[in-house]
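Student: What follows is each chain in one-letter form.
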Amino acid sequence: MTKTLMRALSLGLMTNMGATLLPVLVYAGTYDLTVDKVLIDTGEFTKEGIGYNGKSPGPVLRFKEGEEVTINVANNLDETTSIHWHGLILPYQMDGVPKISFPGIKPGETFTYKFPIVQSGTHWFHSHSEFQEPDGAYGSIVIEPKKKEPFRFDRDYVVQFTDKHPHSGKRIMRNLKMAADYYNRKQQTLSDFFSDVKKNGFGETVTGRMDWGGMRMMASDIEDVQGFTPLINGMGPDQNWTGIFTPKERVRLRFINSSAMTYFDVRIPGLKMTVVAGDGNYVQPVTVDELRIGVAETYDVIVRPKEDKAYTIFGASMGRTAYARGTLAPREGMVAAIPEMTERPLLTMADMGMDHGNMVGMDHSSMKKMDHSNMKGMDHSNMKGMGSEEDAFYAVGSGLAPAAANGGKFLSYSDLKAQKPIYEHRKATREIELRLTGNMERYIWSINGVKYEDAEPLKLQYGERVRFKFVNETMMTHPMHLHGMWSILDVGAGKWNPAKHTISVAPGTTVYSETEVDAEGQWAFHCHLSYHADAGMFRKVVVEGGPKSASLNSSEEGVLQ
Amino acid sequence: MTHMLKLLPATLTAFTLLAPVTSLAEDPANIYYGLQIEEFEYRYGEGGEELFAYDADAFIGTDELKLRWEGDGEYDINVKKFESLSNQLALQTPISDFWDIKGGVRYTSPEGPDRWYGVIGLSGLAPQWIEVDSHLFLSEKGKLSADLDMEYQILLSNYLILTPSASVDVAFSSDREIGVGSGVNSVEAGLRLSYDVWDRAFSPYVGVVYERKFGQTANFIEAEGESADIWYAVIGAKFMF
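Here the protein sequences line up with chains A and B, keeping their order.
The numbering of the first sequence is full-length UniProt numbering, which starts it at 1 and goes up by one.
The numbering of the second sequence is full-length UniProt numbering, which starts it at 1 and goes up by one.
These are computed hints drawn from the structure, not numbers from a lab.
Remember, it's a predicted structure, so these values are computed and weren't measured experimentally.
Errors might be hidden in some of the hints.
To be verified - Simulated restraints on C-beta separations:
1. Met150(B) / Val197(A): 23 to 31 Å
2. Pro164(B) / Ser195(A): 21 to 29 Å
3. Gly43(A) / Asn78(B): 51 to 59 Å
4. Pro164(B) / Arg320(A): 46 to 54 Å
5. Tyr152(B) / Ser195(A): 20 to 28 Å
Unchecked claim - Where chain B lies over chain A, by a calculated footprint (3+ residues, C-beta under 8 Å):
6. 278-292
7. 435-449
Glycine included, each C-beta is placed from N, C-alpha and C at the ideal position.
Please work from the sequences and hints to get the whole structure.
Tutor: In structure tokens:
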């Protein structure tokens, strides 16, 4: 990465001439990225993949709010590539989605991204071409804010989670299409059947199995793709990424989940984590023992290790098939105990939207006051995964509802309140229902029953505030990512609802988010699980009627003619 | 086999003509392909009979339309003859969440006379995870027949899998020339214990297979000095690519 003379100049000018000149000066950094074939060593296996500047993960790009960035991306691959700046607000031509924002970057070609940085916080970037992202094409972005941050910290680390698989993305997709359970090695076996008979009796066990068998679905279907090695900053559990601290320092950890398919439940035994930002936006601080980070989400937490000892950063995959491990230590080489993963969850009929179908579509703001008398029918035998407090963002009786390993506080979406709302709060002008649909057996994923290739673009009007109603009709959890505009997650906090770029929708639930349609052009909107997006849970969004749309249309026509 | 090769280009053309219909807009439909060899085995029969048997299946296509080849055969190692040999090429499309229909042609070319058939089929996943594959055949001689295959997997562990299977062949009229009598003419039941050694790509197994011929078909077989029912011990492997 190189900074240009211009940036050096403006920095120099600034220090020499003092603050009076500041408003007329603009930071302008130039960054060079190469897209390369690389070797990825997870400590468990070594696999050829794709990286940036010769490495996967790629570099941490450090921008400043207000900076005008120029990023030269040179494609050294023998296939088309692209970079999407995940979570960044920018002109759509710079968004990096082939066929939507631009044609893509051909082999040997260098594409120059140029856009202003209008926000701050923790973000990331990745390829939006084929399966290059699961193959390793990702890096992180840290944007320094103009104003002082609303919290103190002495150290600052990016903690980027990924799920490196020994198979290439293409091969994984093909295997899933041949046999949807190809990678599910946590299916219920004959001995599970016998132990369930012992526990719940023969009748109940058989009925339960028949219910799932009747639907031809599996209670164990939580992670479509297993067999990966979780990495933190590119390092496997044995390679143990380590961040150094001095006792009593405040350490800011920027959690980023750049996995293809894997949600992580993250904890640091012995430390409380104070969540201060989500998806790059400050939230009102909330202190938790554990949090679940969905694919493509980011959380900033502050921890304050007081003792002169090592602490393990432990990220168990949601399906408990693997864990990521890193360490915070006063000195290099120190390690702490690696905790056991808590019990593997199983889906329940609630996750299928079966038992409590009447509750789908419920308003989350009123859920806390909900009458629980109607919940007697729920199957309590499957509730072991549930915390003491119900999380409004999981179906009642869900097998996926998380609980902190130490019995403490687990972060819920309901805890996320904006520190400083980006937009004036107002009523949405229109509601759009997006049913998240799919067929696990065929490994087809879709929105409103229609795959991307068969779908018309979703048209939004510039200036409107759209309320998206996500109804998850599948048994998978889908992290829905809208490019180019914020998704204000309805946690029932009105004007304090947090602005996010990725909204995780658990099975059997309905979740709302609102978007101020303030960015012209065409954008991608999709499930961020790589293989779901590729299978069809994807939409093109076209924003019409913006101030520049007339010229935009004519230029498009020009291209077509 | 040469007939088969002549047929291939025609079917491929039909396939490429049909494929664009399935994708209206934005992105072209994703094309997938795969090869599975469910059975690839050595069979040792009660009376010292030795067979090599296989059952394979390959496809290419989209979610909406696939071209599927299915082939199976039984080769008698002692007499160096194919007891059965069949190749089928069909187009396959979903009709519901779990069921597909297919239509195409089948060609059987064991030792003795060969036959062409038009075929329609239904395959899919029945409730309780029972895999079903069935066909209705109309031969070039105007004879109608059908088959039905079923398979179920019992997970002893996530790698050690016991697979019971059953198949039935029915003919609605006899075709003496190829040794087929009318009615239920053969039943085969198998039980195979496999272990996934390399992903799901390579899974060796051992097992037993029971085969029984009925009615006129049995008579035809017995006339050739063979037994109408026989137990085999089998050893082989499953492949998936």
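Student: Each hint: holds or not?
Tutor: Against the structure, the hints:
no.	hint	verdict
1	Met150(B) / Val197(A): 23 to 31 Å	holds, 25 Å
2	Pro164(B) / Ser195(A): 21 to 29 Å	holds, 23 Å
3	Gly43(A) / Asn78(B): 51 to 59 Å	holds, 53 Å
4	Pro164(B) / Arg320(A): 46 to 54 Å	violated, 31 Å
5	Tyr152(B) / Ser195(A): 20 to 28 Å	holds, 21 Å
6	278-292	violated (count 0)
7	435-449	holds (count 4)
Violated hints, in rising order: 4 and 6; the structure is consistent with all others.
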